[in-house]
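Student: Fit chain L to the given chain U structure using the hints.
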Amino acid sequence: MRSKLSIKELDFYYGDFKALHKVSMEIEPNKVTALIGPSGCGKSTLLKTLNRMNDLVAGSVVDGTVLYDGDDIYGKYDIIQLRKKIGMVFQSPNPFAMSIYDNIAYGPRIHGIKNKKVLDRIVEKSLRQAAIWEEIKNRLKGPALGLSGGQQQRLCIARVLAVEPDVILMDEPTSALDPVSTSRIEDLIDELKKEYTIIIVTHNMQQAGRISDSTAFFLNGYLEEMGATEKIFFNPDSKKTEDYISGKFG
Amino acid sequence: MSIINLPAIDSSIDRLVEIERQKSNTNYEKAKRRNLAANVLLWGSAALTLGILLYILGFILYRGFRSDNIIESDFIDSSGISVPLDWHDGDSVLIVNDKTRLKEINLRDLESLLNGKPDNWGNINSQDLDVLPYMLSSAKGEFGKNTTYRESPSEIVSSVASQPGALGLIPASFLSLTENKDINIIPVKMLSVGVNPSVLEIENNIKLRYIDRKILRKILRGELTNWQEAAGRDMPVRLVLPPPGSFEWDALIEIAGVSSEELAQSAVGTSSFDEFYSKINSTPGAFGMIRNDRAEENNIKLLSYRYRQTGANLQWWFLFEEPKRAGRVGGISTIVLNTIYMVLLTVLFSTPIGIGAAVYLTEYAKQGTLVKMLRLGTETLAGIPSIIFGLFGFIVFVGAMHMGIGLLSGTLTLTLMILPTIIRTSEEAIKGVPRSFSAGSLALGAGKWQTIYKVVLPAAAPGILTGVILAIGRAVGETAALLFTMGFDYRAVKNLSTSARVLSTHLYQLVKEGISFDRAFATATILIFIVLFVNLVSTRLIKRKY
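Taken in order, these protein sequences are the chains called U and L. If you count the first sequence from 1, position 130 lands on 294 in my numbering, and the numbers rise without skipping. If you count the second sequence from 1, position 87 lands on 70 in my numbering, and the numbers rise without skipping.
If we strip away everything but chain U, and leave its shape as in the complex, we get:
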């Protein structure tokens, strides 16, 4: 199967600090890939390089190539098209200070969709996909910031889905949520991988084990090991991976 994203010899610097060292990995389509590792290992940094959110960080330098469907995203690729195709869900829910409806319609609107009926349809579909439609369909005009944390995060996922992405990046999407909300998001991720390619950064070993198909373990800016989740968890090649998985550090 052809890779959705193909990262080749990626170096990343925050000013003088080198955060990633020659990382190379392949992301398969319609799979959930988990990035794990101790704090500061570079997993979130790698995630940001995939839709170029790292551009916002002053003094960051990228060296190497990231191919998305065969095109180099650090080449001539249009950054707006890229972010439309590769959406991102953040660590803490960040709905805008608008109504629920406007939050979802925000993405389609900035990409030029103005027709009210079309927007209505997109909003409903996205909210249904994010498994939150039934809970909030009666208060679409209400403020998004009035929702609970778990609902807000699913709203943010719906907001990403509304621009019809291809890949969804998730940066510890459940770290700010309670166990019940977490399990709902995990179910949702399982559902979404039928249509989307998902890359998720997580600190939660069990979560990685539960939801991912393949896992990449990062340590000090190096990709230590990557493979099928079962292999990484039960039969890793690297001693460091084994130590980390079994909780000896990190």
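Be aware that one or more of the hints could be misleading.
Derived lysine-lysine pairs resembling DSSO-like cross-links, with alpha carbons at most 30 Å apart [stated by the list, open to error]:
{"no.": "1", "chain 1": "L", "residue 1": "431", "chain 2": "U", "residue 2": "182"}
{"no.": "2", "chain 1": "U", "residue 1": "301", "chain 2": "U", "residue 2": "358"}
{"no.": "3", "chain 1": "L", "residue 1": "437", "chain 2": "U", "residue 2": "289"}
{"no.": "4", "chain 1": "U", "residue 1": "305", "chain 2": "L", "residue 2": "349"}
{"no.": "5", "chain 1": "L", "residue 1": "431", "chain 2": "L", "residue 2": "349"}
{"no.": "6", "chain 1": "L", "residue 1": "437", "chain 2": "U", "residue 2": "301"}
{"no.": "7", "chain 1": "U", "residue 1": "182", "chain 2": "L", "residue 2": "349"}
{"no.": "8", "chain 1": "L", "residue 1": "431", "chain 2": "U", "residue 2": "278"}
{"no.": "9", "chain 1": "U", "residue 1": "278", "chain 2": "U", "residue 2": "249"}
Note that these hints are calculated values from the structure, not bench results.
Tutor: Okay, now just chain L, sitting in the frame of chain U:
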């Protein structure tokens, strides 16, 4: 068994520990006392601040809604409805149209109105109305050319009832004609305090300047026998009584509040007016209550009478009438209108520029020396006295740019003045928007400007609005920056280059020219209410946001 085994160094250390512990207990007491003292201090200063605030606000609002003035005049503040005027036999009654705001009038003002000088009510009651006097034809020829003569009292009543600004005199016996008509009956003040010239002479650097109602009563009752007690020279008071049964006699008894037997023992009775006036003029220390219009012909000196006049000050008409004659007459309607124009224009000029600058400083500019200098510059500008902005506006906008003194020059000057405030508060508001908002927007593929325009600015709106409101508050109350740039024309502005008077400059003029403190306080009250209104509306707007 102790878990921690301290090495046995020296038992003196343990004693030291014990002493320190005891000390710390007393320290605890000390800290408690200090805490209490701090609490008292804080509560005290909070209460003081609140007290001062309420006092200032309360004082201004009190004076705004209630006129409360000490007045020195030739007339005693006692007035009657039926008064013996020379133009009719028997008593007369003064009637005016009820559109005319008048509660009482003194004889001298009445006379000048009847003579058509002035021919406008302005000087009497601050109302811009033509004076239209009506008299019985028996008095023909005695008055100015404005006066209209009518054959019967009923004709006078119907004429007065039909025209605002009309006034008329009718015999007191026809008072019943005025019932159920648009007419008010106005009491006329007639009496003055007449004294022998010796009373007003200077002795030991002391001269009697005025008396008030309390002293007047004491004199009538014989409780005050020497002028010294009324802050005059050392001289006995000799009360001269008017002929019994006269108008003056009745008024005197009423003011004294006692029966005729209980009047001052030393009082000199008279049987005719000739005797009355000559007694006053010939007796040293003499005092008498006389008709004001008889003083001159009988050569009697008048003593000022001082009294406190209270009444309603700010009323609706003040808001809705046009100002006339430098603000002496009428209300402040056009001035309020000018103020609104000024605020709208200032907000129109300053808000886009201010927000634009704030967005540039926070989102676009490289945070280096230049931005630091810009910040320092705006902060310095925010602290500069507004009169300097006024001077700048005068030289640059009025002079160099040939805009002249007017609305545009004034609002541009104000814009410069409040821009730093708007920039600073907007900057803080934009910085306060969580970074995750713009990250979320950018991650959806939005451009930088789209993100700022659609996500950051709306989220920062409450803060920005607060800054704009603060700025409006400053603009509404600003005087110094407008003195040289906006002008003082109190008519409604016609275009951008018209000179325009606003509430603050109107207030300034009223006080500076000594026109009226009542009007100044009424204007101040309106100003306070406008600021209050703007604040309430803005909090509403802020609450409506998500």
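Student: Now tell me, hint by hint, if it's right for this structure.
Tutor: Going down the list of hints, with the structure as the test:
1. 431(L) to 182(U): 27 Å, holds
2. 301(U) to 358(U): This hinted pair holds, its Cα atoms lying about 24 Å apart.
3. 437(L) to 289(U): Answer holds: residue 437(L) to residue 289(U) is near 23 Å, not above 30 Å.
4. 305(U) to 349(L): 38 Å, violated
5. 431(L) to 349(L): Status holds; Cα separation ~15 Å.
6. 437(L) to 301(U): Judged against 30 Å, a Cα distance of about 24 Å means the pair holds.
7. 182(U) to 349(L): At roughly 24 Å apart (the allowed maximum being 30 Å), residue 349(L) and residue 182(U) satisfy the hint.
8. 431(L) to 278(U): Between residue 431(L) and residue 278(U) the Cα gap is close to 20 Å, so the pair holds against 30 Å.
9. 278(U) to 249(U): Measuring from Cα to Cα gives roughly 20 Å; hence the hint holds.
Taken one by one, the earlier hints fail for this structure only at number 4.
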